Amino acid sequence: MSDGAVLHVKGRVLAGPDDVRDELWVVGGRISYDRPAGARDVTTVTGWALPGLVDAHCHVGLDAHGPVDAETAEKQALTDRDAGTLLVRDAGSPSDTRWIDDRADLPKIIRAGRHIARTRRYIRNYAWEIEPDDLVAYVAQEARRGDGWVKLVGDWIDRDLGDLAPCWPREVVEAAIAEAHRLGARVTAHCFAESSLRDLVEAGIDCVEHATGLSEDLIPLFAERGVAIVPTLVNIATFPKLAEGGEKKFPRWSAHMRRLHERRYDTVRGAYDAGIPVYVGTDAGGSLAHGLVAEEVAELVAAGIPPLAALSATTWGARAWLGRPGLQEGAPADLVVYEADPRADVRVLAAPRRVVLNGRVVG
8 MSDGAVLHVK GRVLAGPDDV RDELWVVGGR ISYDRPAGAR DVTTVTGWAL PGLVDAHCHV
68 GLDAHGPVDA ETAEKQALTD RDAGTLLVRD AGSPSDTRWI DDRADLPKII RAGRHIARTR
128 RYIRNYAWEI EPDDLVAYVA QEARRGDGWV KLVGDWIDRD LGDLAPCWPR EVVEAAIAEA
188 HRLGARVTAH CFAESSLRDL VEAGIDCVEH ATGLSEDLIP LFAERGVAIV PTLVNIATFP
248 KLAEGGEKKF PRWSAHMRRL HERRYDTVRG AYDAGIPVYV GTDAGGSLAH GLVAEEVAEL
308 VAAGIPPLAA LSATTWGARA WLGRPGLQEG APADLVVYEA DPRADVRVLA APRRVVLNGR
368 VVG
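Heads up, the sequence shown is in our numbering, so the first residue is 8 and it goes up one at a time.
For the record, the hints were derived by calculation from the structure and aren't laboratory data. Small disclaimer: the values here were computed from a predicted structure and weren't measured. Watch out, some of these pointers could steer you wrong.
As the list claims (entries may be wrong) - Lysine-lysine pairs mimicking DSBU-like chemistry, simulated, CA-CA at most 35 Å apart:
no. : residue 1 : residue 2
1   : K115      : K255
2   : K82       : K115
3   : K256      : K115
4   : K248      : K115
5   : K82       : K17
As the list claims (entries may be wrong) - Label-pair ranges, simulated between beta-carbon atoms:
no. : residue 1 : residue 2 : range
6   : A44       : T245      : 51 to 57 Å
7   : K256      : A358      : 38 to 44 Å
8   : A309      : T86       : 19 to 25 Å
9   : A309      : R166      : 30 to 36 Å
10  : G370      : E269      : 16 to 22 Å
11  : A71       : G282      : 32 to 38 Å
12  : R105      : K256      : 18 to 24 Å
13  : T245      : T86       : 30 to 36 Å
Ideal placement from N, C-alpha and C gives every residue a C-beta, glycine not left out.
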């Protein structure tokens with residue numbers, strides 16, 4: 008498409024869960040629902056259009072060993088883009104990926120800075136590893152470096168205990184979250200187990216990643232405080248293998264991981280039924296491949312979340328939560344077109360017909 012070209016998307020445009028239109032136009036990289044006068048160089052795409060998908064827990068610039076070079080990070084971003092993910096909340100990365108912002112052909116990224124973990128209580132080469140006395144200062148640092156989010160590691164295996172345990176004292180978490188909020192950033196935390204959740208939520212956290220430890224007694228607290236969860240079910244599927252690998256050295260931890268895995272669908276459905284906001288995230292970029300957003304949506308449906316709600320968790324609802332536009336008049340034209348109605352079968356998301364980013368067909 009030339010700079011003066013117009014893109015015409017026709018068929019069914021899913022501008023919202025209850026807002027279905029027959030067509031839209033892309034002029035100058037932006038969405039319009041009015042036919043442009045005198046348009047000549049028009050490319051037409053037909054099908055079912057959704058806002059560009061959101062992966063709200065993704066790690067561009069990271070692999071199983073730590074930070075990666077720019078070439079690898081580019082491949083990760085392109086893999087996500089070609090799967091329809093056009094907006095990423097990067098939930099912690101040691102790499103500087105700001106150069107991606109200058110690439111109109113790569114997904115938009117909302118960064119949470121670098122993970123903040125307790126010393127020797129997280130994956131090597133991923134996080135700032137610090138002690139509680141330094142937490143407030145590091146949260147302030149990452150709040151300034153990120154794009155409105157900070158990522159804590161809320162729990163991890165305690166080798167002396169032989170099981171998952173909280174990383175931070177309650178009073179330190181309260182002070183750190185308050186500082187992030189003062190600086191205009193929201194806070195999220197990696198949490199597998201039950202034991203860290205109450206302190207984090209009562210301290211004012213905005214979101215919890217994985218949230219496999221969300222139990223019946225904690226669900227009302229999350230719902231009352233409006234704390235979102237990003238379950239990353241495609242990652243939770245790896246728990247049995249992780250448990251098997253740690254069985255001999257940490258049998259208590261292994262048994263705990265298996266229990267969390269076994270109840271994962273009940274946990275997510277219980278959260279949804281209670282009104283807790285649930286969003287799509289894959290946890291790609293650590294040990295998981297990129298481009299798994301369609302699989303995660305299907306996993307939410309398998310857990311019992313209605314298909315339309317699961318779609319919203321990666322489109323309209325997720326974009327509103329992150330403060331980014333969807334298919335509104337004048338918004339950047341970031342959209343994905345499918346062969347069939349994804350509301351009828353979310354598995355359609357696995358096969359985009361066209362990917363449009365910043366008004367250009369890129370896939």
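At the C-beta level, are A44 and T245 separated by a distance inside 51 to 57 Å? With a Cβ separation near 54 Å, A44 and T245 satisfy 51 to 57 Å, so the hint holds.
Is the gap between the beta carbons of A309 and R166 within 30 to 36 Å? 34 Å, holds
Would the hint linking K248 and K115 be met if the CA-CA limit is 35 Å? Holds. K248 to K115 sits at ~33 Å (cutoff 35 Å).
Falls inside 32 to 38 Å, the C-beta gap from A71 to G282? Given about 36 Å between the Cβ atoms, the range holds.
Do T245 and T86 keep their Cβ atoms within the hinted range of 30 to 36 Å? For T86 against T245, whose Cβ atoms are near 19 Å apart, the range 30 to 36 Å is violated.
Quick one, are K82 and K115 close enough, alpha carbons at most 35 Å? Status holds; Cα separation ~15 Å.
With 38 to 44 Å as the target window, see if K256 and A358 comply at their CB atoms. 42 Å, holds
Is the distance from the Cβ of G370 to the Cβ of E269 consistent with 16 to 22 Å? 38 Å, violated
With respect to the beta-carbon atoms only, verify the hint that R105 and K256 lie 18 to 24 Å apart. The hinted range 18 to 24 Å is violated for R105 and K256, with Cβ atoms some 40 Å apart.
Could you tell me whether the CB distance from A309 to T86 stays inside 19 to 25 Å? 23 Å, holds
Given hint K17 paired with K82 - CA-CA distance at most 35 Å: 31 Å, holds
Verify the proposed pairing of K256 with K115, using a straight-line Cα cut of 35 Å. Between K256 and K115 the Cα gap is close to 41 Å, so the pair fails against 35 Å, i.e. violated.
The earlier numbered hints that this structure contradicts are 1, 3, 10, 12, 13.
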